[in-house]
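Make a model of the complete structure from these sequences and hints.
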Amino acid sequence: MRVALLQFAFLAVFVAIPCSAQESPFFVTYTHHMEEPGNLEIETSSTMGIPRSGQKFYAAPYMEVEYGLTAQWTTELYLETSSVWGDSTVFTGWRFENRYKPLKREHWINPVLYLEFENLNEASRIQKEIEGGGPDLISSNRELRGEHAHELETKLILSSDVHDWNISENFIATKNLSESEGVEFGYAFGVSRPLARLASGANCRFCRENFIAGIEMYGGLGSTLDGFSARGTAHYIAPVVSWAVSDNATLRLSTGFGLTDQSNPVLLRIGYSYELAAFGSRVSRLFGVKR
Amino acid sequence: MKPARVVLVVFLTSIFAAGQNPSYRQDPQWIAPATAIAKANPLAEKPETAAGGKKLFLRNCAECHGPNGAGMEKKHSADLQLPLVQQQSDGTLFWKITNGNAPKGMPSFSRIPELQRWQLVLFLRTLKATGPDAADPAK
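Line by line, the protein sequences give chains F and A. Just add 101 to the spot in the first sequence (first one is 1) and you have our numbering. Just add 101 to the spot in the second sequence (first one is 1) and you have our numbering.
Accuracy of the hints is not assured; some may be wrong.
[Stated by the list, open to error] Computed cross-link-like contacts, DSBU-like style, restricted to lysine-lysine with a CA-CA straight-line distance of at most 35 angstroms:
1. K276(F) <-> K229(A)
2. K229(A) <-> K155(A)
3. K175(A) <-> K229(A)
4. K205(F) <-> K155(A)
5. K175(A) <-> K140(A)
6. K205(A) <-> K147(A)
7. K229(A) <-> K205(F)
8. K175(A) <-> K157(F)
9. K155(A) <-> K276(F)
10. K157(F) <-> K276(F)
11. K157(F) <-> K205(A)
[Claimed, not checked] Short derived list, chain A residues pointing at chain F, Cβ under 7 angstroms:
12. G153
13. E164
14. T193
15. P214
16. Q217
Keep in mind that the hints were calculated from the coordinates and are not lab data. Treat the numbers as computed from the prediction; the structure is a model and nothing was measured. The beta carbon of each residue, even a glycine, is placed where N, CA and C say it ideally should be.
Shown next as structure tokens:
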């Protein structure tokens, strides 16, 4: 009976209610679209770097859990790892992120304020954003994992929906609280559009309406110590695509091309997200809380 | 059938058959601007596109408004079949879908492409009261 109750509790919380899981195709650039209130999204992604001479191939898988606290406030937790070919696999830390949309209505430009606390080591390679000069792609995991960094990252997200296009710009400033590195800067911007403007009546999976394609560009902009500059830092330009695999799931792919010597020649990204609608109210109901 | 399975079936059914919300009252602060109210639905001459609107409704809206749009009392979501909703212009409904009403928990759906939001409006027009209170929609 206890097992049955546990099964019931699990199903009560995790059974999928159809909801629109069509996600923005961007991996780095944030838009002003928030998680729906009460919905929980679980995503597994990986960043893979094709090496230049002197660098090694790496894969950096990470997991995100995103929850819509309100229609204007989304919170997210990341757990990340890194595997370097011929080296080792290490846990590289966690991030806790909050996004707040101060304006209640849609405007030409929609600002979102972003604040993230990062407890990482220098072996982190997921490159959810690039600030300063970008990650160290040459030193070994053993050398890098010992260097811990508590960082506070802020972003100003500006995003517009113009007809079917989304245009988003992110300005990043990060302060390492563990070391005196000054404030590091970065940027990301992206443009995306669904492949079809109208939805068909058919319940199809390969219809164009289930795909969003776009392009994003991101990189570092130096720091207050080294000077605010786009030189000597990593920069990428990346075509991106997302596919709504089901009503609850989205698959995203990106191939980033490095634009400077500090970048990997190619940065591959893949992500699969699954959205649980009304997660908050189901958990509340399970514990007898009335909402 | 084992009791646990019966409870499970009842629970899952209740998720999808949650009660209507005929007592819905509009938020007086949620008012579309005059320019938005006057906008005409560009798909008005293409009623066949409402089928796509239904699919979008089931994906995006049914979670809170129910599969027949009758609203859910628990979620304080609008009964979209009520005359006070149906009497609003296409432009008003489009504006409300686009902007949402964040303080009341209605998210913005601006991420849905523009024409698809108009498809949703087209589908909303097809919603008709089906429950026992259908004869008295103001109830």
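Results for each hint:
no., hint, in the structure
1, K276(F) <-> K229(A), "violated, 56 angstroms"
2, K229(A) <-> K155(A), "holds, 13 angstroms"
3, K175(A) <-> K229(A), "holds, 21 angstroms"
4, K205(F) <-> K155(A), "holds, 27 angstroms"
5, K175(A) <-> K140(A), "holds, 32 angstroms"
6, K205(A) <-> K147(A), "holds, 33 angstroms"
7, K229(A) <-> K205(F), "holds, 30 angstroms"
8, K175(A) <-> K157(F), "violated, 55 angstroms"
9, K155(A) <-> K276(F), "violated, 48 angstroms"
10, K157(F) <-> K276(F), "holds, 28 angstroms"
11, K157(F) <-> K205(A), "violated, 51 angstroms"
12, G153, "holds, 3 angstroms"
13, E164, "holds, 5 angstroms"
14, T193, "violated, 14 angstroms"
15, P214, "holds, 4 angstroms"
16, Q217, "holds, 5 angstroms"
Hint violations for this structure: numbers 1, 8, 9, 11 and 14, all remaining hints satisfied.
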